[in-house]
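Fit chain B to the given chain A structure using the hints.
Protein sequence lines, in the order shown, are assigned to chains A and B.
So the first sequence is residues 1 to 490, counted in our numbering.
So the second sequence is residues 1001 to 1178, counted in our numbering.
Mixed in with the good hints there might be a few duds.
Far from chain B, by Cβ distances over 10 Å, these chain A residues were calculated [said to hold, decoys possible]:
(1) Arg199
(2) Gly326
(3) Tyr487
Stretch-level coverage of chain A by chain B, calculated; a stretch enters the list once three of its residues show a Cβ under 8 Å from a Cβ in chain B [as the list claims (entries may be wrong)]:
(4) 80-94
(5) 168-180
Within a straight-line C-alpha distance of at most 27 Å, the following computed DSS-like cross-link-like pairs (lysine-lysine) qualify [said to hold, decoys possible]:
(6) A:Lys370 to A:Lys302
(7) B:Lys1005 to A:Lys201
(8) A:Lys457 to B:Lys1160
(9) A:Lys363 to A:Lys284
(10) B:Lys1046 to B:Lys1005
(11) A:Lys201 to B:Lys1168
(12) A:Lys215 to B:Lys1046
Honestly, the hints are just simulated from the structure, not real lab data.
Note that the structure is predicted; figures quoted are calculated from it, not measured.
Note that CB positions come from ideal geometry on N, CA and C, so glycine has one too.
Chain by chain, the residues:
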Amino acid sequence: MSGHNESILREPLITGDNITYAKITDDILGPVENKPNKAWWIGFIVSALGALLWVVAVSYTFWNGIGAWGLNKTVGWAWDITGFVWWVGIGHAGTLISAVLLLFRQNWRNSINRSAEAMTIFAVICAATYVVSHMGRPWLAYWVLPLPNQFGSLWVNFNSPLVWDMFAISTYFSVSLLFWYTGLLPDIATIRDRAVGTRRKIYSIFSFGWSGSVKTWQRFEAVSLILAGISTPLVLSVHTIVSMDFATSVIPGWHTTIFPPYFVAGAIFSGFAMVLTLLLVARKVLGLENYITMFHIESMNKIIILTGSIVGVAYLTEFFIAWYSGSEYEQYAFINRSTGPYWWSYWMMMTCNVISPQLLWFKKIRLSIKATWILSIVVNVGMWFERFVIIVTSLHRDYIPSSWAMFYPTWVDVSVFVGSIGLFFTLFLLFLRVLPSIAIAEVKLLLKSASEQAKMKQIKDGHENKEYVTEYVESLQKFDSVKQEDYAKI
Amino acid sequence: MSDIKYILGSFGDPDEMMHGIEKLQENGVSIYDVYTPMPIHGIEAKLGIKRSRIDIAAFCFGISGTCAAFALIYFCAVIDWKVNIGGKPSFALPDFIPIMFELTVLFCAFGMVLTYYASTHLFPGRSPRVMDLRATDDRFVIAIDAKDNAAHTVIDGLLKDAGALEVKYNERKYISYE
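Same shape as in the complex, but just chain A:
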């Protein structure tokens, strides 16, 4: 950092002209240290009502069993596993941003990793509740653990992907929580040292006595890097194993070897979409435009185009391989998906996941906050339908035509799903109030090298290549938080 200037060609990661270390702290801690505004309260009340619906619906399921859902003997997995895979997928962006982008030294992750990781944790909580409630007798959930039992220890089946999944999801959740919380320690200490009274005492407990000494920081950085290194394969393994829940079975439509990479790409796709859905609103409401800039939004949109295209190619490959395999059951499963009674869900998925992200190739759409926000929701609608298509359309026409059936959700199915969204937003909104939504220490690292003001100074020093400066100034046009007049003078 010292005495080293970043290339002028790179877009700034922090905009605004009077940013100091103190201002970064003030801006980011604004929502934590002040009373929430009206927008927060409205959002919170609506989400809390959703969460209440979730409590009612899940309790109803626990009390009455999964007969409360619309499942029948042909379609034994429907909205529950759809919801589970959807939430786990959304939960992938946080670790991807915090781990993979750290390994690739993508500094723009510094201002979005904290909230993305929080989102991961809340999404995995939503996913985990589906796993527990679809068991039917959730008080026996510990049966998935390899515990000795009174019959002389018949252990769990270690060859089953469902058992792998239990290990994968619980490892993913706990490691993500650890990664997130360790990263939070210096920022909680910042709140602690600015607070007084009871508030200080509470944050003091949660800051673990952080002091910010040299040794603490040195080890902190080593720990973060290693955690990133082990979380990267972890995040890939989790959705790989989720996909194996389907891929290792012998159901046509599930028995597909491309599932692991295809599920991982889909998970990143939907995760980034959810990050955008949340952050586009949060940046506006919390006034964080200088830290989450148009460059961040554009970068995330680019990742959405990439992963959306991978998902599109995977859909087409599946179709091609179904034809090429010569297996009539496989062929039927796919023809039935696209033209059978669930044709609408298939085409919903194709439109939302394959066609709509391609719109982001247009710079105008990619840089429009409204369009991006709408597309981010469209993507997640599409990803929900993808899981629904894979699960329900593969099951609903099984081996004997007399047992063919359709799936109709009951009010409980719908309430558990809608309620889980409420729960997710409730947790996220509470997070915004009590913890800094941007990693303060990590953003401070960028101030002297990658901020607009540092680059402005570089230009004013006059050692930069003219062409580069022009290109840089042109790249600033997309930023809604940059004052163009400042550059007209130079």
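Frame of chain A; chain B shown alone:
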């Protein structure tokens, strides 16, 4: 001046602070510690702090996770109760790999982070040892043990020359205790 325990040079800019460290070291002043709101790259070399060995701990924890997972699965599925699944061998190593991998990551992450907390004395409820409350906000603070370094006016001058915004004389080591 006998009650003074620590002299704190509080800087507003990390580069100036690094300059301050150099100045102090050139003049033979020993530095107790440095408190900063963000990691400062290259400071360890200046202060002669050795490379962290936490990666070695992480590797050992990770490997023990791999072994623990293998031992558990091997005991359950191969020794204790063999389940006949279509006559296939019960020692199905490829099927063991996912759980072995997950437990490697789990043990490595928890082992390493708990080692970090233990070695840095971080645990819930520990009273914070803070010398300057702004060191977690916008100040980069060099702490000098006042007892070991007698020439306080010289230190004061050096710090101010290097660009310290403020020089404090603390009579208590940590100001954060009640």
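Structure-based check of each hint:
1. Residue placement check: Arg199 (chain A) keeps its beta carbon more than 10 Å from all beta carbons of chain B (closest about 14 Å).
2. For Gly326 (chain A), the condition that its CB be more than 10 Å from all CB atoms of chain B holds, with the nearest at approximately 26 Å.
3. The non-interface label for Tyr487 (chain A) is consistent with chain B: the shortest C-beta to C-beta separation is roughly 25 Å, beyond 10 Å.
4. Figure legend: the stretch 80-94 of chain A, annotated as covered by chain B; annotation inconsistent (0 residues with Cβ-Cβ distances under 8 Å, at least 3 required).
5. Judged by the Cβ-Cβ criterion of 8 Å, the stretch 168-180 of chain A is covered by chain B as claimed, because 6 of its residues qualify and three suffice.
6. Under the criterion of a C-alpha separation no larger than 27 Å, the hint pairing Lys370 (chain A) with Lys302 (chain A) is consistent with the structure, at around 16 Å.
7. Pair hint Lys1005 (chain B) plus Lys201 (chain A) holds up; C-alpha atoms about 26 Å apart against a cutoff of 27 Å.
8. Restraint check for Lys457 (chain A) and Lys1160 (chain B): the C-alpha separation of about 25 Å stays at or below 27 Å, so the hint holds.
9. Between the alpha carbons of Lys363 (chain A) and Lys284 (chain A) the distance comes to roughly 21 Å, so the proposed pair stays at or under 27 Å and holds.
10. Pair hint Lys1046 (chain B) plus Lys1005 (chain B) holds up; C-alpha atoms about 23 Å apart against a cutoff of 27 Å.
11. Among the hinted pairs, Lys201 (chain A) with Lys1168 (chain B) is consistent with the structure: their alpha-carbon atoms are about 25 Å apart, no more than 27 Å.
12. Distance check on the hinted pair: Lys215 (chain A) and Lys1046 (chain B) sit about 13 Å apart at the alpha-carbon level, within 27 Å; holds.
Consistency with the previously given hints fails for number 4 only.
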